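A.B. asks: Chains as they are written, first to last, in the working numbering: chain D, 1 to 166; chain C, 1 to 347.
In case anyone wonders, no lab produced these hints; they're calculated from the structure.
There may be inaccurate statements among the hints.
Heads up, incomplete: computed chain C residues facing chain D, CB under 8 Å, no partners named [as the list claims (entries may be wrong)]:
| no. | residue |
| --- | --- |
| 1 | PHE37 |
| 2 | ASN40 |
| 3 | ARG41 |
| 4 | VAL42 |
| 5 | ILE205 |
| 6 | VAL211 |
| 7 | MET303 |
| 8 | TRP310 |
| 9 | THR311 |
| 10 | LEU312 |
In silico lysine-lysine, DSS-like type, Cα no more than 30 Å apart, as pairs [claimed, not checked]:
| no. | chain 1 | residue 1 | chain 2 | residue 2 |
| --- | --- | --- | --- | --- |
| 11 | C | LYS61 | C | LYS144 |
| 12 | D | LYS39 | D | LYS10 |
| 13 | D | LYS147 | D | LYS102 |
| 14 | C | LYS326 | D | LYS10 |
| 15 | C | LYS326 | D | LYS26 |
| 16 | D | LYS102 | D | LYS26 |
| 17 | C | LYS144 | C | LYS75 |
| 18 | C | LYS326 | D | LYS48 |
| 19 | D | LYS48 | D | LYS96 |
| 20 | D | LYS147 | D | LYS39 |
| 21 | C | LYS12 | C | LYS144 |
| 22 | C | LYS12 | C | LYS110 |
| 23 | D | LYS39 | C | LYS182 |
| 24 | C | LYS326 | D | LYS11 |
| 25 | D | LYS96 | D | LYS154 |
Given the structure is predicted, the values throughout are model-derived calculations rather than measurements.
Note that CB positions come from ideal geometry on N, CA and C, so glycine has one too.
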Amino acid sequence: MGSNGKIIRKKDLNFWQRMYIPEIAKGLRLTITQMFKPKVTYQYPDEKFVPPPSFRGRPVLVEEQGVERCVACGLCSRVCPALAIEVQASETELEKERYPIKFEINMVRCIFCGFCEEVCPEEAIVMSNEYELVFTSQEEAIFGKEKLLTPIEKLRPRLEWLKNNR
Amino acid sequence: MATEIVLISLLKILVVVLTILTCVVFLVYIERRVSAFVQNRVGPNRTGPYGLLQTVADVVKLLMKEDIVPRNAYKAIHDLAPIISIGVALSTFAVIPIGDTIELFGRQIKLIIADVNVGILYILAITSLGVYGITLAGWSSNNKYSLLGGLRSSAQLISYELSMGLSIVGVLMVSGTLQLDKIVQHQTTYLFGWLPAWNMFLQPIGFITFVTAAFAETNRLPFDLPEAEPELVGGYHTEYTGLKFGLFFLAEYANMITASAVITTLFLGGWHLPYVEYVGLSSFILSLVYVGTFCVKVAAVMMFFIIIRWTLPRFRYDQLMNLGWKLMLPITIINVLLTGIVLLILH
Ligand code: SF4
Ligand code: SF4
Chain D
1 MGSNGKIIRK KDLNFWQRMY IPEIAKGLRL TITQMFKPKV TYQYPDEKFV
51 PPPSFRGRPV LVEEQGVERC VACGLCSRVC PALAIEVQAS ETELEKERYP
101 IKFEINMVRC IFCGFCEEVC PEEAIVMSNE YELVFTSQEE AIFGKEKLLT
151 PIEKLRPRLE WLKNNR
Chain C
1 MATEIVLISL LKILVVVLTI LTCVVFLVYI ERRVSAFVQN RVGPNRTGPY
51 GLLQTVADVV KLLMKEDIVP RNAYKAIHDL APIISIGVAL STFAVIPIGD
101 TIELFGRQIK LIIADVNVGI LYILAITSLG VYGITLAGWS SNNKYSLLGG
151 LRSSAQLISY ELSMGLSIVG VLMVSGTLQL DKIVQHQTTY LFGWLPAWNM
201 FLQPIGFITF VTAAFAETNR LPFDLPEAEP ELVGGYHTEY TGLKFGLFFL
251 AEYANMITAS AVITTLFLGG WHLPYVEYVG LSSFILSLVY VGTFCVKVAA
301 VMMFFIIIRW TLPRFRYDQL MNLGWKLMLP ITIINVLLTG IVLLILH
C-alpha cells in the first residue's frame, strides 16, 4: 500500500525504487526527523493523565444526599459478563423502599465494559475516571459499599456526558 | 623482552575488553533511548541521571536471576553455547587497529592487540565460528522455536558470509594487503589531492554490500530472523535465563561494536582524520586524536545500525535468501571484476 491507499505492485516500481538504496535513504530521513518531534509520553507518577468524561474507569455507586441511588434491583449483577457484582437487597423507610445492604464489585474480575452503567434504571452505577487500582491480595480487590460510594458532585462530568451521548 | 611483549599485550587486551564491556552497557542505553526518540517516546530516564544507570540495574537483575535449564536440554552444550558466542564476539577485536602507534614511557606501542598479517582472514574465520554458539544454543534447548532460530541463523550466516568475503576482496585488491593496519595506512592518502582515499569512495558497491552483509552477520534488523520475536518467541535464546541470557545479549552488542569497527577500518579510513597531519600537532597528541577519531567513527556507524532498525521492516525468509544469493552475490562478483579491470587500466 502506498501512502495514498493505492496498492503498489512490484512491476510498477521504477528503476530507482527497485534499487532500494534511495528508498532506504528516504526512510532514514523520516526516522531521523521523527527523533526531534515532541514526545507524547506522560511522566506517569509525577504527571498524571486526567481522562475525559468518556473514559471508563472503575465503576462506582452514585451517592446523593448521603444515600446511594441504587434500589438493589440486581440488573447490573445480572448483566455483568464477568460476574463481578454481588448485590443483596433489603428494605428501607426511604421513598425508594429498597436499598442494597451489601454491594460488592470484584475488581479483579471487572473488565470495565460499562454494561452495569448502561443497564441501571436509576443511573446509580457509573464509570468513574479512576484507573489506579492496586491490590496486594484477592480479598483486597473486592470493593464493598464504603469504597464504591462516591458523592454525585464528583461524577457530574460523567453523568453530563451520559445524558448527551445515550 | 619476551615478557615485556606479553605484558604489553595483556595490558592491551585488558583495556580493550573492559572498554568493549563498558561500551556495551552504554550502547544498550543509547539504543533504547534512540529507539524511544524515533517513536516519540522518552525511553529509560529514571535510573540515575538521564537514566544512564538503567543498564547497570538490568545487569544486576540478570545476575540475580535463577539459571533455568530445561529438563530435556543437553546441559553441557546448553552451558557452552553462550561462552562460544561471547568468546567469538570479543576475540574479533584483537586485530582491529584502534590508532596509529603511540609513544608511552619511551616506547613505541602499536595500538592493535595482535598485528597479524592475515587480519581480515582472521576476522572472517572467527565471525563464522559465531554461528556455532547460536546453532548449538538452539539445538541444545530442545525447543522447536529455538531450533528454528538456530537453523535460520546458520543458513543466514552462511549465505551472507560469501558476499561479505567477496565484498572485502575489492578492498584487498585496492590496497594489496591483508593486514588491517596497512589497509588503514593506505586510506590516509588523498584522491585528486583533496578527497580522503577512504575505501568507501574507492569501493562504493563493495561498501554497500559489506554493510548489508554486516547487518545480516550481526543478526540486526532488517535481518534479525534468528530472533524474530513475533514468529519464534525469542529464537535461539528462548530457553536461556539469567547470566547465560546476559552473555548472549552481551555477545550480540559486542558483535555490533566489532562490526562497526570492521566497517570503519575497511571502508571509513580507520583511525585517520583527514587533513589533521597538516595542523602540526605533537606526535603524542596526534595519536590521541587518532584514537578519538576511531571511536567517533565507530559510534557513528553504530548509530546508523540503531536508526536502520527502526527504518526497515524485517525481511521474509525467502526474500532474505533471494537477496543474499540472487542479488548480493552477483553484485559482489561483478564488483571484483570491475575493480580488477580498473586496476589493470590504471597500472
Ligand atoms: S463494568 Fe462490566 S465487568 Fe465491570 S462490574 Fe460493570 S458490568 Fe461488570
Ligand atoms: S446499581 Fe442500578 S442496576 Fe445495579 S442494583 Fe442498583 S439500581 Fe439496580
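A.B. asks: Next step is simple, just say for each hint if it's right about the structure.
C.D. replies: Against the structure, the hints:
1. Hint on C:PHE37 holds. Least Cβ distance to chain D is approximately 4 Å, under the 8 Å limit.
2. The criterion of a C-beta within 8 Å of any C-beta in chain D is met by C:ASN40, whose closest approach is roughly 5 Å, and the hint holds.
3. The interface hint given for C:ARG41 holds, since its Cβ lies 5 Å from the closest Cβ of chain D, which is under the 8 Å cut-off.
4. About 5 Å separates the beta-carbon of C:VAL42 from the nearest beta-carbon of chain D, less than 8 Å, and the hint is met.
5. Checking C:ILE205 against chain D by beta carbon gives a least distance of about 11 Å; that is not within 8 Å, so the hint is violated.
6. Annotation: C:VAL211 was flagged as interfacial toward chain D, and the flag is violated, the nearest CB pair being 11 Å apart, outside 8 Å.
7. Hint on C:MET303 is violated. Least Cβ distance to chain D is approximately 10 Å, over the 8 Å limit.
8. For the restraint placing C:TRP310 at the interface with chain D, the shortest Cβ-Cβ distance is roughly 5 Å, inside the 8 Å limit, so the hint holds.
9. Given hint, C:THR311 at the interface with chain D, holds; its Cβ is 4 Å from that chain's nearest Cβ, closer than 8 Å.
10. Annotation: C:LEU312 was flagged as interfacial toward chain D, and the flag holds, the nearest CB pair being 7 Å apart, inside 8 Å.
11. A threshold of 30 Å between alpha carbons decides the hint, and for C:LYS61 with C:LYS144 the separation of about 28 Å falls inside it, so the pair holds.
12. Note on D:LYS39 and D:LYS10: the hinted pairing is violated, with a Cα-Cα distance of about 36 Å set against a maximum of 30 Å.
13. Between D:LYS147 and D:LYS102 the alpha-carbon distance is near 12 Å, which keeps this suggested pair within the 30 Å criterion.
14. In summary, the hint linking C:LYS326 to D:LYS10 is supported, as the alpha carbons are separated by about 17 Å, within the 30 Å threshold.
15. Of the pairs offered as hints, the one joining C:LYS326 and D:LYS26 holds, with about 25 Å between alpha carbons and a cut-off of 30 Å not exceeded.
16. For the proposed pair D:LYS102 and D:LYS26, the alpha carbon gap of about 63 Å is over 30 Å, so the pair is violated.
17. A C-alpha spacing of about 17 Å is found between C:LYS144 and C:LYS75, which places the hinted pair at or below 30 Å, so the restraint holds.
18. The straight-line distance between the Cα atoms of C:LYS326 and D:LYS48 is roughly 54 Å, outside the 30 Å bound, and the hint therefore fails.
19. A distance of roughly 39 Å separates the Cα atoms of D:LYS48 and D:LYS96; the hinted pair therefore is violated under the 30 Å criterion.
20. A hinted pair counts as satisfied when its Cα atoms are at most 30 Å apart, and D:LYS147 with D:LYS39 does not qualify at roughly 36 Å.
21. The suggested pairing of C:LYS12 with C:LYS144 is violated, with an alpha-carbon distance near 42 Å, which exceeds 30 Å.
22. Proximity of C:LYS12 to C:LYS110 is assessed by CA-CA distance (about 10 Å); at most 30 Å being required, the pair is judged to hold.
23. Restraint check: the Cα-Cα separation between D:LYS39 and C:LYS182 comes to about 47 Å, which exceeds 30 Å; the hinted pair is violated.
24. Distance restraint check for C:LYS326 and D:LYS11: the Cα-Cα separation of roughly 18 Å lies within the 30 Å cut-off, and the hinted pair is therefore satisfied.
25. Among the hinted pairs, D:LYS96 with D:LYS154 is consistent with the structure: their alpha-carbon atoms are about 23 Å apart, no more than 30 Å.
Hint compliance for this structure: hints 5, 6, 7, 12, 16, 18, 19, 20, 21, 23 are not met, and every other hint is.
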